[in-house]
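Chains A and B, in that order, are what the protein sequence lines are.
Quick note: the first sequence uses UniProt numbering, first residue 1, plus one each step.
Quick note: the second sequence uses UniProt numbering, first residue 1, plus one each step.
It should be emphasised that the hints constitute simulated quantities derived from the structure, not laboratory data.
Don't take every hint at face value.
If chains are identical, the list can't say which one is meant, so a pair holds when it fits in one copy or spans any two.
Unchecked claim - List of simulated lysine to any residue pairs, SDA-like, C-alpha gap at most 20 Å:
| hint | residue 1 | residue 2 |
| --- | --- | --- |
| 1 | K37 | D247 |
| 2 | K37 | D245 |
| 3 | K70 | F246 |
| 4 | K162 | D247 |
| 5 | K162 | D132 |
| 6 | K162 | N130 |
| 7 | K162 | F246 |
| 8 | K37 | T222 |
| 9 | K37 | E223 |
| 10 | K162 | R21 |
| 11 | K162 | K214 |
| 12 | K162 | E22 |
| 13 | K214 | G241 |
Protein chains: 2
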Amino acid sequence: MQIVNIDDPNDPRVAPYQDIRERDLVGRQGRFIAEGKVVLDVLLSTARFPVESILVLENRLTGLDAVIAKAPPGLPIYVASRSVMDSIAGFPMHRGILAVGRRRELQGAEHLLDTLPECALIVVLVGISNHDNLGSIFRNAAAFGADAVFLDTTCCDPLYRKAIRVSVGAALKVPFASFPDPVHLMAELVAKGFDCLALSPNGDSEMRDVRPAKRSALFFGTEGEGLPPPLLARMQTLRIGMVRDFDSLNVAAASAVALHHFSAGRF
Amino acid sequence: MQIVNIDDPNDPRVAPYQDIRERDLVGRQGRFIAEGKVVLDVLLSTARFPVESILVLENRLTGLDAVIAKAPPGLPIYVASRSVMDSIAGFPMHRGILAVGRRRELQGAEHLLDTLPECALIVVLVGISNHDNLGSIFRNAAAFGADAVFLDTTCCDPLYRKAIRVSVGAALKVPFASFPDPVHLMAELVAKGFDCLALSPNGDSEMRDVRPAKRSALFFGTEGEGLPPPLLARMQTLRIGMVRDFDSLNVAAASAVALHHFSAGRF
Chain A
1 MQIVNIDDPN DPRVAPYQDI RERDLVGRQG RFIAEGKVVL DVLLSTARFP
51 VESILVLENR LTGLDAVIAK APPGLPIYVA SRSVMDSIAG FPMHRGILAV
101 GRRRELQGAE HLLDTLPECA LIVVLVGISN HDNLGSIFRN AAAFGADAVF
151 LDTTCCDPLY RKAIRVSVGA ALKVPFASFP DPVHLMAELV AKGFDCLALS
201 PNGDSEMRDV RPAKRSALFF GTEGEGLPPP LLARMQTLRI GMVRDFDSLN
251 VAAASAVALH HFSAGRF
Chain B
1 MQIVNIDDPN DPRVAPYQDI RERDLVGRQG RFIAEGKVVL DVLLSTARFP
51 VESILVLENR LTGLDAVIAK APPGLPIYVA SRSVMDSIAG FPMHRGILAV
101 GRRRELQGAE HLLDTLPECA LIVVLVGISN HDNLGSIFRN AAAFGADAVF
151 LDTTCCDPLY RKAIRVSVGA ALKVPFASFP DPVHLMAELV AKGFDCLALS
201 PNGDSEMRDV RPAKRSALFF GTEGEGLPPP LLARMQTLRI GMVRDFDSLN
251 VAAASAVALH HFSAGRF
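Required output: the full structure, derived from the provided sequences and hints.
Here it is as structure tokens:
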């Protein structure tokens, strides 16, 4: 463990932490930011992504011993005072715990499909462009033991800082892959023995009446528009029983309810 | 319907809409702000709260006909240009649809309890201090037909602007009441024939194994701390089956899963 005190906000070693919010918008050239103790713990425990460094507020270091013990040998741990840390980040960094990770090349959906276990529960997302919703869906996927999340290319980035934070690290844990065409992916899933199920407020079957299969793929679309009609026309559609005169559930809440139903018997 | 054009951001008639964000913090002296078409529709349709006025961006008025038709006769509908509206609000008001409602005196929990139907599903919240979570819980409560939400005095305000928005108006629809002491409320609920069930990651029973009673009260505590131990010690505790090594569900997601389970057979 290599503790390094940082006194100068412009120290090049902490450059990846500078101007965090502005950098959210322009991108980080293959890196991502993990925030907070729980997320750091997931990042280090699962080790799905390489970690480049950690930046900690000086008074938070003591409470982090058990987490930092999981770090790979030689990982630089930068320690800064409150004022230096806030200057680096460009705004008050209340959490005081940051890490920079490195993205891996995004695996193709077909490759990820081949790695799934015989009994599998997966989530397929089409057009989820809100980081809160995406992070929450990942959190639910991790909580209910989903094996993977597949995102079409109109979904937002699961490794965006806010998405990781809202997911409490699940975006760093649950394997994910991107795909271009939902209809094509569905055909692949069917060929691999998946029951493909579309969650939709106007679904034909009440979800409670559908028993989880050995391999289930749950499709969720954006709020408002929902899943594209050409996709819905080819799939079994499920509705979650609810009051008729109220706006439907938020998509993240719907994912929690559906994942709970389809993970029955898995724990 | 009384359409009034507003040209001056300082027109006293739109004073309740001024400096929206600052006013969020200091309070609105018995008023609340509803934002967006869906929320306005709920506000006017349910008519649980009196509406004082509506403020609409000029180019949004046409699309609002069906909603505004539900307004009480004589309700002032203020119409402003983009620049006047942004000046009033103090920031860019993308939605362009606002209304001011008047709070009613908060009813006591005992009074609300007396109004509940014979078959009832209610939500009891202790220490939910995050407006996103509170709004989401209200949305789930409305979607699954909960009859009421009870909040202890450490919960945040359901009529805070963001809570109403996140609830997509459910905070204006589902009756709620405040109570000081959860143990005391629980005793009252038991006396009125409610099964009182505490959702907790370490609950004794798996939720799936518990059949909904005629009257069920679902208790949720804050994330992290959870429900207070003296309360848990007196209640049946339920866990939602999930992966053991991951951080538990967000409390709003847990409320969706539990409300779905306990609303079985209600629709």
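Hint check results:
Taking CA atoms no more than 20 Å apart as the test, K37 paired with D247 passes between copies only; the shortest distance there is 12 Å, against 36 Å inside one copy. In this homomeric assembly, K37 and D245 come within 20 Å of each other (Cα to Cα) only across copies, at 15 Å, whereas the closest approach inside a single copy is 42 Å. Taking the shortest alpha-carbon separations for K70 and F246, only the inter-copy value of 16 Å comes in at or below 20 Å, while the best intra-copy value is 47 Å. When the C-alpha separation of K162 and D247 is checked against a cutoff of 20 Å, the pair qualifies only between copies, where the shortest distance is 17 Å, while the shortest distance within a copy is 26 Å.
When the C-alpha separation of K162 and D132 is checked against a cutoff of 20 Å, the pair qualifies both within a copy, at 7 Å, and between copies, at 15 Å. Proximity of K162 to N130 under the C-alpha cut-off of 20 Å is found in both arrangements, the shortest distances being 10 Å within a copy and 17 Å between copies. Taking CA atoms no more than 20 Å apart as the test, K162 paired with F246 passes between copies only; the shortest distance there is 19 Å, against 29 Å inside one copy. Within a single copy, K37 and T222 get their C-alpha atoms only as close as 31 Å, which misses the 20 Å cut-off; across copies the closest is 18 Å, which meets it.
In this assembly of identical chains, the alpha carbons of K37 and E223 lie at most 20 Å apart only when taken from different copies (15 Å versus 31 Å within one copy). Taking the shortest Cα distances, K162 and R21 sit within 20 Å of each other inside one copy (10 Å), while across copies they are farther apart (22 Å). With identical chains, the CA atoms of K162 and K214 are never at most 20 Å apart, being 33 Å at best within one copy and 41 Å at best between copies. With identical chains, the CA atoms of K162 and E22 are at most 20 Å apart within one copy only, with a shortest distance of 13 Å there and 25 Å across copies.
When the C-alpha separation of K214 and G241 is checked against a cutoff of 20 Å, the pair qualifies only between copies, where the shortest distance is 18 Å, while the shortest distance within a copy is 23 Å.
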